[in-house]
Amino acid sequence: MSDIIQLLPDHVANQIAAGEVVQRPASVVKELLENAIDAEATSIKLILKDSGKTLVQVIDNGKGMSATDARLSFERHATSKIRSADDLFSLHTKGFRGEALASIAAIAHVELKSKQDADELGTLIAIEGSEIKTQEVTVTPTGTSIAVKHLFFNIPARRNFLKSNTVELRHIIDEFHRVALAHPNIAFAMYHNGSELFNLHDSNYRQRVVHIFGTKTNEKLVPVEETTEVLKISGFVGKPQFAKKTKSEQFFFVNNRFIKSPYLNHAINAAFDGLIKDGHHPIYFLNLTVDPKSIDINIHPTKTEIKFDDEHTLYAILRSSVKHSLGQFNIAPVLDFEYDTNLDTPYNYKDKGAQTPTVEVDRDYNPFREERSFGKQTTAFKKQTPNNWDSLYVGLESKGTRDAQDFSQVEFESEPENVSLFGDQSSHDTAQSTYQFQNKYIISTIKSGMLMIDQHRAHQRILYEGLLKSMTVKEAVSQQLLFPLQLHFTRAELTILKQLQSDLEATGFVFSSIDEKQVEITGLPINVPDSEVSIILEQLIGDVEQEVPDSHFSATDLLAKSMAKSLAIKTGQSLSNLEQEHLVNSLFACKEPSVSPTNRATFITLTIDEVDRKFM
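Quick note: the sequence shown, position 371, residue 419 per this note's numbering, numbers continuous.
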């Protein structure tokens, strides 16, 4: 029998490795930005076309590469970051595997220009599918410029798997945020299809956070600083009142490397326990500095997972540090039973000096002195007995008799009638057909037994179908606001709102302006209170980020689902008999009354036989 095991060619091995390293254009952006940082660049530009599908280009002013290094960088397991296995436990660079450029070159057209400061000319290398097309000398500034064109050109299945440009751009922005936040001392710029999305100058950490997520973020931040023998913590957490329903603004960095750690995230949630509502997530931007020998980064090709030597100690330090910061800046409530609020000095009295109070005394005052007046004398304690007091009752009997005879002719004002829009309430209550159980379920009787309806899910279904109809069939009705609402969002969130603006206007929202910093709303749907607008839009943005719609119809459908979930009556809300019946009738008037918009059951039925079996 002949031998059947053979070594794979390099270009095939590179394509296989690319499946782990390069999943979408955002993966290419991450690898190229990290290479630029390792090259000690102080200014990095990211240029995109068609959300990275056509072009991803990164230009840096780092130390550059020689002609030999430029050619060798596209080989597998070729790297300048480590020399031996021991270096894996003392990493100070972003990359160390030596697979990124080889994997990218295997599935795209790559053009590299690089020059060192000491050289007069640089090197140009063009590669298509791991095959070197040209290598020549060129004029280029100091640093490196690498352009990745036509991603997945030789793997049509992977290219068809990519999402829409909007979704892919959102993933790229996420990666850009992670790298830019970890290195505030480096200037970053990002351009997409010729327009500038970000232009971040070198700054401190707080300014970098504010420049990325908007000026309103500054008032949300609480600084966290702690230094121990095991761990150094620096960064910010958000105030509890600004907690969000999504995890979009949660960033952990270990030695300037973005990581994902559910265990450490639980420590932050434990520190905020009792301060934020259920279903909300705290905001944090935290840098953890640990000994490189105490962590293992070589877990996953994306290098976002890290193993720690002593996770329990890190958990305890992180939790206590965040709680200390919240208490230090009076964010967490404190019970002080000896505190007297009457001793607080008003703010407008802080610059006023103390003054001696003036007291005026009436020395002639005598409470026992009689008061006299000319022509008439009165005494404070004089008793006056009215004369002929019994005359007040003379003739009362006859008057009462006479009045009693006239009562039949007296017209009294009738009491106002309580006219109800729904008819007589008392007669309606006697024929009550619904009952609310635990302010969560509505129980109604049917011929075959009993019906139990989840009021929150049922109302979601009713609102969902009504919103879909208003967005697709008829024009919605808006109520104009006396004073416009001004809401602040991040650039990524504003991008999502601009995409959904037409759908939101179809439901009744009226936008006067959407700029780079805020949204101004002048009209709302008739059933939406102005106090709930920010909650509804934040919920909508979170749902869009999580479910990532690709088509216009799915975006409309997602918008209706999100608004229905925000506006539906909540569990624990008490309903009157009329409201219960109206909810039941409206539910069974829907096209799909049996399931909520998220395909969960809205009601269950219990037949008489099932009830009888419970008593056997």
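Hint data in this document are derived by calculation from the structure and do not stem from the laboratory. Be careful, since some hints might not be right.
Said to hold, decoys possible - Here are the computed lysine-lysine pairs in the DSSO-like style, where the Cα-Cα straight-line distance is at most 30 Å: (1) LYS292 <-> LYS618; (2) LYS293 <-> LYS371; (3) LYS308 <-> LYS325; (4) LYS546 <-> LYS197; (5) LYS355 <-> LYS488; (6) LYS280 <-> LYS181; (7) LYS287 <-> LYS565; (8) LYS517 <-> LYS371; (9) LYS293 <-> LYS488; (10) LYS517 <-> LYS268; (11) LYS287 <-> LYS308; (12) LYS618 <-> LYS325; (13) LYS400 <-> LYS371; (14) LYS268 <-> LYS565.
Cross-check of the supplied hints:
Of the pairs offered as hints, the one joining LYS292 and LYS618 holds, with about 19 Å between alpha carbons and a cut-off of 30 Å not exceeded. Only pairs whose Cα atoms come within 30 Å are accepted, and LYS293 paired with LYS371 is accepted, the gap being roughly 21 Å. Our distance criterion of 30 Å between C-alpha atoms is met by LYS308 and LYS325, whose separation comes to about 23 Å. The hinted pair formed by LYS546 and LYS197 meets the criterion: a straight-line CA distance of about 28 Å does not exceed 30 Å.
Under the criterion of a C-alpha separation no larger than 30 Å, the hint pairing LYS355 with LYS488 is inconsistent with the structure, at around 44 Å. For the given pair, LYS280 sits about 48 Å from LYS181 by alpha-carbon distance, which is inconsistent with the 30 Å threshold. Between LYS287 and LYS565, the direct Cα distance comes to roughly 21 Å. Compliance with the 30 Å bound is thereby established for this hinted pair. For the given pair, LYS517 sits about 48 Å from LYS371 by alpha-carbon distance, which is inconsistent with the 30 Å threshold.
Note on LYS293 and LYS488: the hinted pairing holds, with a Cα-Cα distance of about 23 Å set against a maximum of 30 Å. Distance restraint check for LYS517 and LYS268: the Cα-Cα separation of roughly 39 Å exceeds the 30 Å cut-off, and the hinted pair is therefore not satisfied. Restraint check: the Cα-Cα separation between LYS287 and LYS308 comes to about 22 Å, which is no more than 30 Å; the hinted pair holds. For the hint pairing LYS618 with LYS325, the CA-to-CA distance comes to about 14 Å; that is within 30 Å, so the pair holds.
Using a Cα cut-off of 30 Å, the hinted pair LYS400 and LYS371 is violated, with the two alpha carbons roughly 37 Å apart. A C-alpha spacing of about 16 Å is found between LYS268 and LYS565, which places the hinted pair at or below 30 Å, so the restraint holds.
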